[in-house]
Structure formats: C-alpha cells, structure tokens
Amino acid sequence: MLDIQELEINMGPQHPATHGVLRIILKLDGEKIVGARPVIGYLHRGTEKIFESQTYSGNVPHTDRLDYTAAATSNHAYCGAVEKLLGIEVPRRARVVRVILDELQRIASHLIWLGTHALDIGAMTPFFYNFREREYILDLFEEFCGARLTLHCMKVGGVYDDLPPGWIEKLQRFIEVFDKAVWDYEDLLTGNRIWKQRTIGVGVISPEEAIDWGLTGPPLRGSGVKWDVRRALPYEIYPELEFDIPVGRNGDTYDRYLVRMEEMRQSSRILKQCIQKLEPGDVVAKGVRVLRPKPAEVYFSVEAPKGELGYHILSDGTDKPHRVKVRPPCFVNLQVLPALVKGHLVADVVAVIGTLDIVLGEIDR
Amino acid sequence: MSQNPPAGNPPAPAAVKKPGQPEWQDAAANPRAAALKAAFGGRVLDAKTYAGELTVWVEGAAVAEICARLKAEGYTYLVDIAGIHQPKVADKPFALSYLLHHWDTNGRLRLKVEFADGVEVPTVTGVWKTANWMEREAWDLLGIRFAGHPDLERILTWEGFNGHPLRKEFPIEGIDTGAAIYPDTYPEGGGPVKPKETPHA
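One line per chain: the protein sequences are A and B, in this order.
Oh and the first sequence: position 12 is 1370 in our numbering, straight run, nothing missing.
Oh and the second sequence: position 125 is 240 in our numbering, straight run, nothing missing.
Please keep in mind that the hints were generated in silico from the structure rather than gathered at the bench.
There may be inaccurate statements among the hints.
[Claimed, not checked] With a Cα cut of at most 16 Å, we get these calculated EDC-like pairs of lysine to aspartate or glutamate:
#, chain 1, residue 1, chain 2, residue 2
1, B, LYS186, A, GLU1566
2, B, LYS244, A, GLU1566
3, A, LYS1528, A, ASP1478
4, A, LYS1538, A, GLU1566
5, A, LYS1630, A, ASP1537
6, B, LYS244, A, ASP1570
7, B, LYS283, A, GLU1410
8, A, LYS1407, B, GLU288
9, A, LYS1700, A, ASP1497
10, B, LYS186, A, ASP1570
11, B, LYS244, A, GLU1567
12, A, LYS1584, B, ASP219
13, A, LYS1635, A, GLU1600
14, A, LYS1630, A, ASP1674
15, A, LYS1407, B, GLU138
16, A, LYS1385, A, GLU1364
17, B, LYS186, A, GLU1567
18, A, LYS1644, A, ASP1520
19, B, LYS283, A, ASP1674
20, A, LYS1652, B, ASP219
21, B, LYS203, A, ASP1674
Work out the full structure: start from the sequences and follow the hints.
Dropping the structure here:
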C-alpha cells in the first residue's frame, strides 16, 4: 500500500536538543515515529589516526577531547591501558587520587546530563541548580590541574601532581553541600507530575535486548541489570570501597533518571571513603620516561559516567602506538535509539536522546 | 655500582624482580581455548595470553559460526570490534579483534582474525545486534568488507568520501577530496594546495 501520509524529516544536525551535531532522519506517520536513522560523524576529527602519530604520553591530551564532559575518566582509561601494556605499577596515593577525580567527574557529568535533559523536556529550574554545584567541581579541578574541562589530569604511571594544600578540605565542603543539593534536584523532578508523564514508559528496553545491543552504564542498569565495570572488572582501589550499584525496574526514561540520581549519591559516598584512605606517598610511578613497549595487544576499560569506556592498544616496538581503538560508550548506546523511539511521538525523541546521555565528541572521535 | 662493597658488610639482598612489560604466553592449555580447539579443530589457529587477556586466533571464514557458539555458551555481550591495518604482515595486512564478555563469569575473550586485502569477513550482526555500527566503522575507516551485513555504509566520514583514513598509507594531513569547500585554498578538482595569503604581512 502506498502510504502517502509518511513524512521524512531531518532532526539536526543543528538542533538544540541533540546535544551537539547529531542528525536523525525521522520517518513520521502524523506525529508518530515509524522509523529513525541516526547519522553521525559531523564531529569526526580523526583522533584515532592522531593517536598513531604521537608518543604514548603525548596522546593523553587528545583523550580529553573525546568525552569533553568527562575528561578524567577518559584520561584514566587511556593511561590504564598503557600501564597494563607495560606492566607499570601505580603508587597507592595516585590510585586514590584517580578514584577521587573519577567520581567527581561522574558527578559533574551527571549534573550536565540532568540539567540539559530536564531543559530539553521543559523543566528549566534544575539546570540552574545543577550548574551551581558543577561550578564547584570545576573550581576543584581548576585548582588541581589548571583546567576546568579538558583536564589532562592523569599521566601514564599516576597523576600529574599531588593535591594542592587545602584541597581536601574544599572537597569535604563540596560533599556536604552536594549531599543536600541532590535532594533539591529530586524535589523538583522525582514526584513532579509533568516530569513523570514525559518519562515513564518512554524508551523502554528489556534487559536481554539491552545486553544484545551492548548497552553499558545507566542505560543498562535502568533495565535492571546489575553490572558495573567498577565491580565486574575492578581497577584501582574500587574493591576496597563500599558502594551500591543502583538498578531500575522498567527500563524506561524515568528509571534511568533514578539510577543516575542514586549514582551521584554513591559517588559522594565513595569520595568520603577515599578521603579516609588518602595516605602520604608518591603520586607517580618512578622511571616512566620514554615508553617503547614490545609488540603486544591490550584492552583496558573503566566505568565512565556514560558506560564502559575502553582503550584497545596495539604496540609495535616503537615509541608510538600501532593502533588505538576507543570503545566509546556513547557510540554503542546511541545505536539503540531507533529501537527506543519507534512508536513514540517526536517530542519523545528529545527525551530519549537525553536519557541516553550522549556526547558527540566521543561518538565521532 | 663500580665501587666494591667494603669488606665485612652483609651481602646485598637478592635483586627483587623489577615489574616490567609482561610477556606473551602460550595458552593452548587454557580450558576455554582448548574447548574451542576441540570444537572447531583446524579453524582455531593459535591461543596466547598477554597481561591476563586470552587471545584466540581463528580463521576469518569461521568467525560468525564460532561467535554464535560462544554466545550460546554465555558470551552474550560483544564489547568491541577493532579493525587493524598491519601492512608489514605481507600476506595478512588486515586484522579484526573481537572482544567478548561472558556474562556470568565476567571473563573476557579476544578472537583475532587476520586476512588479506579484499577478503570479506562474515558479519556477526546476526549474533549480536551491537555489531552493526562496529562493523560499519571498520568498513568506513579501514575498508574491511563484511559479507552479509544489512547496511554496510560509511558512518564517521561522509558518503562519497574517497579513502579509508585508518589505513597506514592514508596521510595524517588528510587528502584533497575535491570538495569545493575552500576553493581559495583547495583548487577545484584537486591539484597542489595553494599557499595561504597573509593579508596583513
């Protein structure tokens, strides 16, 4: 049957709700979505090609620019892969500092997600609350490494420098403020009728489907799968830390929202434990200078705010990697978008893009 | 250490083995590798571990079949597919690394396939849905073709782009694609790049 009512429209690449330069070709029947095709690559900068032309240490700044809302975890995954490749032992203090930076970054990234996701759906107020606390985190980062967004705060073998004096006290003050602030965000949204109407039952995915699509991070846990790289394949000091892995029940946008809210609280809990575990010591392994690994192949991944972020490195005996393949969580998570929006309305596409928490810098590389 | 230790001092403690780069180790005895070898015989070529990661080399034509079996055994999550260009390996200049995750044991397994230029590798999109974009990426950036892929189109570069950027012969500065975006710098139809004018010199 010739369906004359079907309409094909472009959403993006210049659209405020696509969080960058994502283009989706939507096929509509009235306002109902019958098909969607994401078109990516508008931000492709050839980062994996650049990785092959720089030294192992020289590549770290480029990892900042992949997921620019979570540079610390990006640094961590890359440095961890090189350390695994070379068998470098990271000093204890550096491990604790790395976990502190990772968890701060997780909170900062989730705050951006919450602010923009709520803004997309039409709630403007949370944005101001979220960016107030995020500013505090960025100030902490700035004091530690001089940058606010593209941190470059880790290096192969540890972290760049020790924490500045007084930094831990500021971190403690932040945790105090933040623990109260999370409840402010929840007050605005969790019981909000409009918020619930826009998110409950939107973009539902079953646990089996989620695993088959390779989802990781909050989109996977929202479907009720209790899986987190920090527990499944532990790294740094995570085995010693107490934290819960929140999971959803229905696998919809609202559950993914609840999962991320609880993750922020758990990050704050981890930060408190890390402060207790911080002992004086070196922050970088000794003798990490010119890196010239023998031919080998490794993969190392961390739990980034968006999911499993991995670096796959092949060395060939020179001081430059033969191949670096990034496993970006957003690239894999975005792939499921057509399945999530089918049968919903155009306005729900915006909610689903928000709930997947994508960053195009990492998808397009 | 040119100086001799003064006589009478206790002997220096035995040198502690410095942690260095790990070594590749043969993994033919690994139960997972041995089970694969038993099931697929000659199509499983080699098995080694490095830094605790098991890598099993298999024949390109058998990869979809092996993946389907592994998925049935619990490897329900495909972590990543990495395409590799290795022009120094004369007869097998291309390779693919499939990283599989076992959901119950959290164990990981890497399947490695090496093949000549132009050889089509069977797609694993029928095994895991997530393989779709990963294979599209390997096609786009390295020019590896997958037989049976439902939608093998470019994904990170634009349609009509000429070349595969992650091949080693592709220049890092990029190529002149002939697109008349900056006609002052890149003349139409290719040719040498004109030097930039400096208006305020």
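Hint-by-hint comparison with the structure:
no.	hint	verdict
1	LYS186/B x GLU1566/A	13 Å, holds
2	LYS244/B x GLU1566/A	11 Å, holds
3	LYS1528/A x ASP1478/A	32 Å, violated
4	LYS1538/A x GLU1566/A	36 Å, violated
5	LYS1630/A x ASP1537/A	11 Å, holds
6	LYS244/B x ASP1570/A	6 Å, holds
7	LYS283/B x GLU1410/A	9 Å, holds
8	LYS1407/A x GLU288/B	10 Å, holds
9	LYS1700/A x ASP1497/A	42 Å, violated
10	LYS186/B x ASP1570/A	10 Å, holds
11	LYS244/B x GLU1567/A	9 Å, holds
12	LYS1584/A x ASP219/B	12 Å, holds
13	LYS1635/A x GLU1600/A	12 Å, holds
14	LYS1630/A x ASP1674/A	42 Å, violated
15	LYS1407/A x GLU138/B	27 Å, violated
16	LYS1385/A x GLU1364/A	7 Å, holds
17	LYS186/B x GLU1567/A	14 Å, holds
18	LYS1644/A x ASP1520/A	15 Å, holds
19	LYS283/B x ASP1674/A	13 Å, holds
20	LYS1652/A x ASP219/B	33 Å, violated
21	LYS203/B x ASP1674/A	11 Å, holds
Comparing the model with each numbered hint stated earlier shows that hints 3, 4, 9, 14, 15, 20 do not hold.
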